[in-house]
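Let's have the full structure, built from the sequences with the hints guiding it.
2 protein chains.
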Amino acid sequence: MALVVQKFGGTSVGSIERIRAAARRSLAAQRDGNRVVVIVSAMSGETNRLLRLAHEIEVVPDPREMDVIAATGEQVSAALFSLAIKAEGGQARSLLGHQVKILTDGAFTKARIKAIDGSKIFETVDRGEIAVVAGFQGVDERGDITTLGRGGSDTTAVAVAAAIGAGACEIFTDVDGVYTTDPNVCPSARKIARISYEEMLELASLGAKVLQIRSVEIAMKYGVPVHVRSSFSEAPGTWVTGEEKSLEEVVVAGVAYDKNEARVHLVGLEDRPGVVAEFFGTLARQNISVDMIIQTASSGDGSRADVTFTLATTDLARARPLIEETARRVGTREVRYDEDVVKVSIVGLGMRSHAGVAARMFELLAKEGINIQCISTSEIKVSCLVAARYTELAVRALHDGFGLARETR
Amino acid sequence: MALVVQKFGGTSVGSIERIRAAARRSLAAQRDGNRVVVIVSAMSGETNRLLRLAHEIEVVPDPREMDVIAATGEQVSAALFSLAIKAEGGQARSLLGHQVKILTDGAFTKARIKAIDGSKIFETVDRGEIAVVAGFQGVDERGDITTLGRGGSDTTAVAVAAAIGAGACEIFTDVDGVYTTDPNVCPSARKIARISYEEMLELASLGAKVLQIRSVEIAMKYGVPVHVRSSFSEAPGTWVTGEEKSLEEVVVAGVAYDKNEARVHLVGLEDRPGVVAEFFGTLARQNISVDMIIQTASSGDGSRADVTFTLATTDLARARPLIEETARRVGTREVRYDEDVVKVSIVGLGMRSHAGVAARMFELLAKEGINIQCISTSEIKVSCLVAARYTELAVRALHDGFGLARETR
Chain C
1 MALVVQKFGG TSVGSIERIR AAARRSLAAQ RDGNRVVVIV SAMSGETNRL LRLAHEIEVV
61 PDPREMDVIA ATGEQVSAAL FSLAIKAEGG QARSLLGHQV KILTDGAFTK ARIKAIDGSK
121 IFETVDRGEI AVVAGFQGVD ERGDITTLGR GGSDTTAVAV AAAIGAGACE IFTDVDGVYT
181 TDPNVCPSAR KIARISYEEM LELASLGAKV LQIRSVEIAM KYGVPVHVRS SFSEAPGTWV
241 TGEEKSLEEV VVAGVAYDKN EARVHLVGLE DRPGVVAEFF GTLARQNISV DMIIQTASSG
301 DGSRADVTFT LATTDLARAR PLIEETARRV GTREVRYDED VVKVSIVGLG MRSHAGVAAR
361 MFELLAKEGI NIQCISTSEI KVSCLVAARY TELAVRALHD GFGLARETR
Chain V
1 MALVVQKFGG TSVGSIERIR AAARRSLAAQ RDGNRVVVIV SAMSGETNRL LRLAHEIEVV
61 PDPREMDVIA ATGEQVSAAL FSLAIKAEGG QARSLLGHQV KILTDGAFTK ARIKAIDGSK
121 IFETVDRGEI AVVAGFQGVD ERGDITTLGR GGSDTTAVAV AAAIGAGACE IFTDVDGVYT
181 TDPNVCPSAR KIARISYEEM LELASLGAKV LQIRSVEIAM KYGVPVHVRS SFSEAPGTWV
241 TGEEKSLEEV VVAGVAYDKN EARVHLVGLE DRPGVVAEFF GTLARQNISV DMIIQTASSG
301 DGSRADVTFT LATTDLARAR PLIEETARRV GTREVRYDED VVKVSIVGLG MRSHAGVAAR
361 MFELLAKEGI NIQCISTSEI KVSCLVAARY TELAVRALHD GFGLARETR
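Each protein sequence line maps, in turn, to chains C and V. Per the working numbering, the first sequence starts with residue 1, numbered consecutively. Per the working numbering, the second sequence starts with residue 1, numbered consecutively.
Don't read these hints as lab results, they were simulated from the structure. Incorrect hints may have been included.
Because identical chains share one entry, a pair is satisfied inside a single copy or across any pair of copies.
Calculated pairs, DSS-like style, for lysine-lysine (alpha carbon to alpha carbon, straight line, at most 27 Å) [said to hold, decoys possible]: (1) K114 to K101; (2) K101 to K120; (3) K120 to K110; (4) K110 to K86; (5) K221 to K86.
Since the structure is predicted, the reported quantities are computational estimates derived from the model, not experimental observations.
Shown next as structure tokens:
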């Protein structure tokens with residue numbers, strides 16, 4: 001009998017009625033002849049409520065105790081989900097992280113899964129019961145409760161699917177799949193039927209927050225087919241699977257944008273070896289990642305250079321004093337900051353075999369009169385930094401220019 | 001270094017502010033040179049909130065899943081309590097039932113503790129940390145989460161104290177000790193400084209709901225001194241300890257009353273062997289306990305008898321059809337019911353060595369014109385069933401008549 005993993009997110013178990021509806025879906029999958037393993041998140045809002053309690057006591061609470069508190073959200077969901085299956089006439093059993101057991105490292109609040117013992121799950125499904133596993137939580141070598149960080153239930157689902165060799169991992173969520181771009185920005189966006197792990201990784205990291213990145217990495221590593229779909233409809237969603245070159249003629253699979261970018265412009269930097277490294281070394285030591293970097297000569301004699309780089313807006317407050325201090329030390333004429341920027345990216349496996357994709361992107365932006373401030377490229381992605389006011393214009397121009405628009409009906 | 005167990009009930013951890021106050025008490029005990037183990041209940045109202053969720057799904061939810069849900073209340077309290085100790089500058093660590101481990105049988109929602117492994121607790125307190133153990137919960141042989149039933153945190157506290165050989169078990173609650181009778185009924189009631197386990201058992205089962213009965217049984221079995229006291233004051237409460245005959249000149253330690261009694265009167269029962277057994281056998285098979293029983297001849301020729309017995313009012317609806325059916329079968333002239341009754345009891349170890357205590361009780365009631373409907377006695381208790389309207393009058397007469405009244409100040 002086939003093994004299927006179904007993961008239900010916070011909104012999909014957000015009320016007793018929704019839990020019932022989700023339970024009926026799991027029972028339907030079982031009636032279709034599958035052994036079913038369910039992974040549940042906490043009811044939406046619950047994790048925040050629990051963590052607020054902890055923060056009332058201390059501004060920065062002990063992470064070990066935070067995890068003890070946070071894990072109860074999924075514990076309650078798992079038991080309620082099992083009760084709902086029983087109420088619908090089925091058989092089910094909740095399993096917690098320490099019962100399964102989902103062994104993680106000891107990095108509380110952001111633990112990583114090291115191993116999953118499938119035996120309790122098999123014992124359960126082989127008895128004809130649906131195994132309802134609490135997502136997001138695990139247990140370390142010492143028996144302490146750990147959690148996997150926000151969105152960790154996706155990771156639990158894919159990791160469990162990999163560990164038990166499930167045929168597919170269904171991720172039920174409040175959107176009906178992965179779109180070619182943000183439908184709020186671009187009305188012609190359409191649902192993607194199939195996308196590769198690599199493309200999904202690039203889209204996810206750029207803001208299409210449908211699946212937690214780590215879960216996609218695990219799915220790719222173990223070749224678990226993931227089906228992202230709506231818990232409120234029967235329509236198929238998006239399959240995230242291994243690369244299938246036969247299928248793809250499309251060069252670009254999707255267009256993403258990220259407003260969490262700030263540009264730093266170092267003007268008139270002394271152009272001698274090691275100066276640029278000083279800046280990035282200082283930031284790296286504080287765990288601040290730099291994204292795009294360009295360097296240009298700024299003086300005729302070549303003794304001075306301009307360097308522009310971007311970092312996450314959320315890191316800027318922390319980065320600023322480090323940058324200023326380094327700028328003074330190594331000799332810099334001026335430092336300018338700009339937070340009114342957006343990074344627009346096109347992503348597609350097809351780029352590997354198609355030349356001129358980047359050039360086409362620049363041309364599409366130029367036609368709209370959009371100035372490009374920085375460029376970065378990878379094998380399957382090209383990103384351009386542009387002024388934030390062009391976000392919608394740029395996304396639509398690229399989306400429709402690369403032929404992603406929905407056919408008019 | 002002495003070992004102390006402190007248990008904080010639901011109202012004592014009912015808010016973040018109260019958790020902080022309780023944490024300060026534990027730290028004070030540690031500063032006094034003790035190794036401290038804390039047992040916590042769920043925040044007041046939390047267990048009911050959780051179980052309501054389960055009941056929304058099913059009227060009679062699966063007990064295994066009920067326990068998975070209910071146990072989260074204490075899990076959250078234990079972690080919040082640990083955080084509060086850290087916020088006050090101390091060191092602490094939460095420990096759950098499966099981490100300690102508190103091994104129980106598999107009777108979900110009313111499990112009994114079989115063994116407690118003290119090693120995790122000793123590891124923790126020997127590092128100078130306060131061990132904060134989640135009350136009410138355990139784990140069975142299969143690793144399933146169990147709970148001990150309402151008030152189970154008292155049992156956890158006393159059982160942990162016994163397992164680690166603690167010098168005392170402090171029960172912090174919202175009353176300041178055990179009283180000679182209900183102060184709401186009898187204004188002259190006073191706090192008892194010391195009471196024996198046996199007396200406490202009789203008082204607890206009669207309605208002085210300060211300590212869960214099972215916890216007193218365990219305390220008695222292992223000789224754990226229990227100190228019941230208020231979490232809102234520094235005043236000493238009531239010590240529940242082993243019998244100290246030297247100390248006690250008092251014959252009666254306390255007066256209890258129980259309104260959960262219904263009287264059943266079987267009139268004109270055929271007086272032949274086995275008839276009475278028919279009634280009580282039928283009830284016993286349905287797990288309905290009968291309390292007081294009296295039989296009197298009702299006809300001159302001895303062929304008919306009257307039998308009166310009492311049972312819990314809460315069992316009456318279930319018992320009634322069984323009684324009627326049996327009455328028809330064995331031949332009974334009439335069955336009468338009376339729920340307007342109360343059982344008033346005097347309890348005291350001193351009765352063992354003092355004659356005439358029961359007689360004095362009847363005399364005190366008679367002096368108030370109170371008719372006694374039934375009587376039952378044990379070694380350290382005498383109970384009388386009287387009309388419910390006499391509750392206050394009877395309790396006050398007995399309380400003051402046996403010299404329990406507070407000295408006038």
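Here is how each hint holds up against the structure:
1. K114 to K101: Classified as both; 11 Å inside a copy, 24 Å across copies.
2. K101 to K120: both (8 Å within a copy, 20 Å between copies)
3. K120 to K110: Classified as both; 24 Å inside a copy, 25 Å across copies.
4. K110 to K86: Close across copies (21 Å), not inside one copy (33 Å); limit 27 Å.
5. K221 to K86: Intra 35 Å, inter 41 Å, cutoff 27 Å: neither.
The structure fails to meet hint 5 from the earlier list, while all remaining hints are met.
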